[in-house]
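Since chain A is already given, all that's left is putting chains B and C on it; use the hints.
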Amino acid sequence: MTAFWILAPIMVIAALGILFVRKAVHAALLLAVVMISLAVLYAGLDAPFLFAVQIIVYTGAILMLFLFVLMLVGVDASDSVVETIRGQRVLAMLGGLALGLLLVIGLGQISLGTAVGLDEANEGGNIQALANILFSRYVFGFEVTSALLITAAVGAMVLAHRERLTPKPTQQAQAAQRVQDYAESGKHLGPLPSPGVYARHNAVDTPALLPDGTAAPTSVSRVLTARGVVRSAPALAEDIQEIDRQVGGAPHAGGRDAATPASTTEDAPATGDDA
Amino acid sequence: MNITAYIVLSGILFTIGCVGVLTRRNAIVVFMCVELMLNASNLALVAFAKQHGNLDGQIAAFFVMVVAAAEVVVGLAIIMTIFRTRRSASVDDASLLKY
Amino acid sequence: MIALHGGETIPVVDPTSADGVFSLLWLIIALPLAGAAILLIGGKYTDKWGHLLGTALPIGSFVLSVVMFFSLLGRADDDRQVSQHLYTWFEVGHLDVGMDLLYDPLSALFLLLITGVGSLIHVYSIGYMSHDPRRRRFFGYLNLFVSAMLMLVLAENYLGLFLGWEGVGLASYLLISFWQHKPSAAAAGKKAFVINRVGDMGLSLAIMMFFVLFGSTSFTVISENVANASETQVTILGLLLLVGACGKSAQFPLQAWLLDAMEGPTPVSALIHAATMVTAGVYLIVRSNFVFELAPHAQTAVVVVAIISIFWGAWIGCAKDDIKKALAGSTMSQIGYMMLAAGLGVAGYAFAIFHLLMHGFFKANMFLGAGSVMHGMDDDVDMRHYGMVRKAMPITYLTFAMGYLAIIGFPGFSGFWSKDKIIETALADNWLVGLCALLGAGVTGFYMTRMMLMTFFTNKRWEKDVHPHESPSVMTVPLIVLAALSVLGGVLILNDWIVDFLAPVTGVGAHEDPPLPALVISIIAVCVVAVGVALAWVLIGKRDVPREAPQDVSFVTRAGREEVYGNLINDTLVVNPGRHAVAGSLVLDDKVVDGVLTGGPMAVGALATVGRRVQNGYVRSYALSLLAGTLIVVLALLAVNLT
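One line per chain: the protein sequences are A, B and C, in this order. Numbering-wise (the numbering used here), the first sequence opens with residue 2 and increments by one. Numbering-wise (the numbering used here), the second sequence opens with residue 188 and increments by one. Numbering-wise (the numbering used here), the third sequence opens with residue 1156 and increments by one.
Bound conformation, chain A alone (with noise of 0.2 Å):
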């Protein structure tokens, strides 16, 4: 019972949290802490199997193919906050409340009685009693599930699936279609520029340096210049000082650095797409 009432109040402010939230993905992380919170009570129930369920299928497939399917509608996408339709969130929260109350003030005045417990049923262990109930008693129940399983596998192929309707371009065209936007609106033919790279620092956000000292600004991702994180050469340069600073004496104050290669994670270019 205690990890009841310490797990009870985490469970309600997340799922609370899952209301008020403005993103999705918080909502899913949410959500994945309610999950795993539940597999916890399932274990304190006696019901190890449906606790590994719980983990494996919940929380390991279900809310990952929310977060895959998040990634996929786009991570930045946030809902507004004004209600279009008129009084629908006062009359949802007032039904809630209302609904809340009846469950609460209903199944509270509800006498159970002491609980039988599973420990008998369980005695030959949680998963081959189920075993037992789901081949023996539930059996058809089960073999239609595997009928809704498949089905709903070949219904999910089916809806994703996207019909190519032309011909896929070849290389060839794609080649073509680069010089004849080069000549209409002088679109850069080759790769973005690479952003700028310095040998002691992540320097994914901070765009490379033309030839004149100033930056190039299709060198960084557009993803972080939405974000707002982009960094000036300078900023970095100050950085790279105050760090100097700060371990004692460095030796070359203000000196940019050499060009030379930088850690495998920190290399890759964010090229960015074509479009």
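A hint or two may mislead.
Derived SDA-like pairs: lysine to any residue, alpha-carbon spacing no greater than 20 Å straight-line [as the list claims (entries may be wrong)]: (1) K285(B) / A1761(C); (2) K24(A) / F270(B); (3) K1546(C) / E1625(C); (4) K285(B) / Y1773(C); (5) K285(B) / I86(A); (6) K285(B) / G88(A); (7) K285(B) / G1760(C); (8) K285(B) / V1769(C); (9) K169(A) / V155(A).
FYI, nobody ran anything at the bench for these hints, they're computed from the structure.
Chains B and C in isolation, oriented as in the chain A frame:
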């Protein structure tokens, strides 16, 4: 041991999920709230299994999980398709089927 | 025998079974019926020879009729009723109606008239309709007409008679509106049909009453038992039969269809006026003599209707410039004479039939003659556009003149004998009625002379491009035959032959002496007619007839041209109230009944207009209502569990 607390928690979670479905507009979040409601009911089922001393409740919870998995697969595929055609995941945008 | 007051008796119908040549009785009806069936079903495949077949079959019937007529003459007086049971038509409860035919002197004469004159009209039609693309169909309808009329006069019970009666109505409808492409013809057909329905209602009510009173519709049964019915019942029966007769015979007040019926081709008019249709009413009354003899009030009604019709028709005949409509007016008037004679009872029945036969001859003659004139005048019917036609059409002129002399009652001609007898009988019965009949004869003389003068004499008024020419011999031969009959028809009255011949049907009347000697009455009648003729000569023959009808005429003429406002009366009394009632009930139906019925749906519709706003397309709104429902269910559960 008394399971009333579990049941009440289940009710509270269910209600929160319910309100979430009604207020959130992002289809994916709405879907998460549906999952929350399913989980709440699962909790109640498992608690009742403990209360009655047999495993039928756990079996039921297991089936709910399977169905939820299937539902999420299809539901998310639908959301994907809608998003692909409408460039929006808001449930309010798909409101053409009306008077 | 039904004994009547005053020593008169009328015989009951008591036929013997048909044998010998009479077993072919059904063939008389069947021949033209087969013709109609072949021509109408055969369609265009019979176009080439249809008119010949359609003419041959009635002639076959005529030959059969003649043979049977002479066979009948060979029998004893009291053995001249023959019936043939063909099959049981239907049997419902106590009503057992057989397809029975009755052949007696009355039917015999009618058969001769219908098939004889009818055949002549068929022959004439071959020429008259030769340019009509639908001639085959026309002959099919003519055959149907003839066979229906034969059924009417041969039936042994009222239901069989009614079958023929309705067949005649149908055929007349088809023929009057034969040129259906003309809206006026289509309307005339409808009018005839509708007005006939009024008469038919009287007849069908009478038939129902016969069944209720006597349990049968057979002439035999009814004539045996009619004496047992109360006088009121018999009077009602008589009046109902009179309504039926008025409808078919175009008597006042159901006369309005007759003039519009002139929209049909002229042979149709001849057939309707001479051989079939309008004679059916007279036949009905004479055939039902056992009813009328027991209902003196009904007989009085017949006489009143007849006298009104005599003058009504004559009035129209005097004023109309349309030759066919003037002739139609004269028909109405002449049928009035027949009805008058029939209304006079036992003494008059034979003369009614006699006049009917004579009228059949001369009216067919004149109608076909008028058709011949129209044929030559490019289908112009206005007499004001004629004049001096006799030069161009000598045969038509001569035959028409025979008919003319017959209808005005020129001494020696057929009409003289028949009309004279009616006037005589009427005078013997009631001097006022007799005077009316006498006066009517004078008016007849006037309007027929007017027609004769305007058509064949006076100044030539036709247009330059009209070239009157004599009709082909296929048309003139029937005219000549009919003219001969018009002249010689009077021989039937020699030695009171027709009276004696019909006696087994109409009974023998106690001879009542007229107030004046018969010869004197004849002389007076001739004088009255002469006055009428002279008046016409003075008013029309001696002047130039204007080509356009003068408009500044007296009320009497205007009324005559308007058919004595018969249509106006019908419109005012029946049509317009009916129209208003229909409009009213339409409004009632639209507003009140539909309002009640559609009010609920309309309210639901209005409610739905508001209520459908709930379907706003937002899934979350629907989910909210789902939540509301859940709340209600949970509340209900709690309420149940807590109490």
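How the hints compare with the structure:
At most 20 Å may separate the alpha-carbon atoms for a hinted pair to count; K285(B) and A1761(C) meet this at roughly 18 Å. For the suggested pair K24(A) and F270(B), the alpha carbons sit about 17 Å apart, so the restraint of at most 20 Å is met. A distance of roughly 10 Å separates the Cα atoms of K1546(C) and E1625(C); the hinted pair therefore holds under the 20 Å criterion. Using a Cα cut-off of 20 Å, the hinted pair K285(B) and Y1773(C) holds, with the two alpha carbons roughly 8 Å apart.
Distance restraint check for K285(B) and I86(A): the Cα-Cα separation of roughly 14 Å lies within the 20 Å cut-off, and the hinted pair is therefore satisfied. Pair hint K285(B) plus G88(A) holds up; C-alpha atoms about 19 Å apart against a cutoff of 20 Å. Taken as a hint, the K285(B) and G1760(C) pair is honoured in the structure, with Cα atoms around 17 Å apart against an allowance of 20 Å. At most 20 Å may separate the alpha-carbon atoms for a hinted pair to count; K285(B) and V1769(C) meet this at roughly 9 Å.
A hinted pair counts as satisfied when its Cα atoms are at most 20 Å apart, and K169(A) with V155(A) does not qualify at roughly 25 Å.
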